[in-house]
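As you go down the protein sequences, you meet chains A and B in turn. Its first residue numbered 1, the first sequence is counted upward by one per residue in our numbering. Its first residue numbered 1, the second sequence is counted upward by one per residue in our numbering.
You may find that some hints are simply not true.
[Claimed, not checked] The calculated lysine-lysine pairs, modelled on DSS-like cross-linking and capped at a C-alpha distance of 25 angstroms, are: (1) A:K66 / A:K55; (2) A:K20 / B:K61; (3) B:K49 / B:K61; (4) B:K49 / A:K41.
[Claimed, not checked] Pairwise CB distance ranges, derived in the manner of DEER restraints: (5) A:N104 / B:W83: 42 to 50 angstroms; (6) B:P40 / A:D27: 20 to 28 angstroms; (7) B:P40 / A:V3: 18 to 26 angstroms; (8) B:T55 / A:H85: 21 to 29 angstroms; (9) A:H7 / B:S39: 32 to 40 angstroms.
Calculated from the structure, these hints are not laboratory results. Fair warning: this is a prediction, and the values are worked out from it, not measured in the lab. All residues carry an ideal CB built from backbone N, CA and C; glycine is no exception.
Below are the chains, spelled out letter by letter.
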Amino acid sequence: GAVVSQHPSWVICKSGTSVKIECRSLDFQATTMFWYRQFPKQSLMLMATSNEGSKATYEQGVEKDKFLINHASLTLSTLTVTSAHPEDSSFYICSARADRGAKNIQYFGAGTRLSVL
Amino acid sequence: AQSVTQPDIHITVSEGASLELRCNYSYGATPYLFWYVQSPGQGLQLLLKYFSGDTLVQGIKGFEAEFKRSQSSFNLRKPSVHWSDAAEYFCAVRGVGNDYKLSFGAGTTVTVRA
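If we strip away everything but chain B, and leave its shape as in the complex, we get (with noise of 0.2 angstroms):
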């Protein structure tokens, strides 16, 4: 079965600054790794998705992440914040096979100062 770990839990960052959310995964194999963003009282967005190809994936909102396989990594990053990036990030991840079940992260915060 897969896992996700996202170490940090909150993480504060001022506005116009960059920001890296890390995701490290639990997987056999290569996984499907995906990004989402949750605001407050809200389902999730999807931000991006990496199934195979080019390591570097870009996504909505300005937001890439790069898979690093050595590192079983899936970090998120964004080079200058906004103050609308304030919300709940998931990293989650499935297994490659006919289940479809996605295992979350525990979640980052972030927080934008002015």
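Pulled out of the complex, with its shape left as it was, chain A reads as follows (with noise of 0.2 angstroms):
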């Protein structure tokens, strides 16, 4: 099956410093990939769609400065969290959708636990 690798797993931070967060598809090319926000014991939360060679889209409310979205290659998208707070403490997962084959399936990374101290 598809396999997507997120990394890192957890990451511990000061206030004011910025993470980047990798998301790779490791077995199928994609164009499109997403990013989600959980808080515990809640849903996913879609911050934006992350389209290889272009901009991302970002869903109403969140910040895009605040998180920067760059999708370089068929098999990479990072997510960058500048200057973060400890408000930006949460548990983020991407997802990669496979564009050939099952094109209409998204495969979801492990996640990232990112806690700001």
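From the two separate chains plus the hints, produce the assembled complex.
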């Protein structure tokens, strides 16, 4: 099956620093990747849709300058949380949409737990 | 826009008993439907999906789901639950157009007691 790798799985940083999270599709190409945020005991909230070679599309209420998304290749998207603050602490999950075959399926990474001190 | 409702926040079931998780959706046509499972601290794993055709779909880990158009439902079932099935279960829906966004339900936490 399709595999999506997300790195790091857990990161702790100081307030004011920036953190980069990587999302890679290991065995398929993905022109579209998605970034979600999940609060404890809650569902996934879509933050943005990442399209290879173009600007990401952000959901309403998500600060694009705070959450920088880059999708430079067909297998890699990155989310950078800039000037992180404690309220940015959360579980971030990426997914990738396979372009061939099961093109309507999103495959998810294992998530990144961000703790901002 | 589509939406998903999972009426049950938490279900406790005995090991070996059957399990049914409810999912209702709102959409103007027949959407694409998915069930995902999330273990603590992990990402989401696809259990099964419905695009079209046979309304009873089989998935991994012994799960199945039935699409009922008349009830706008896509309930997940498993005949005999194992302790390893304890997890969070999410129903998701996406439209059939070019908008590939998934809308997730709030999730149902399944606890399995010995």
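Hints the structure fails to honour: Hints 2, 5, 8, 9 are the ones this structure does not satisfy, whereas the remaining hints hold.
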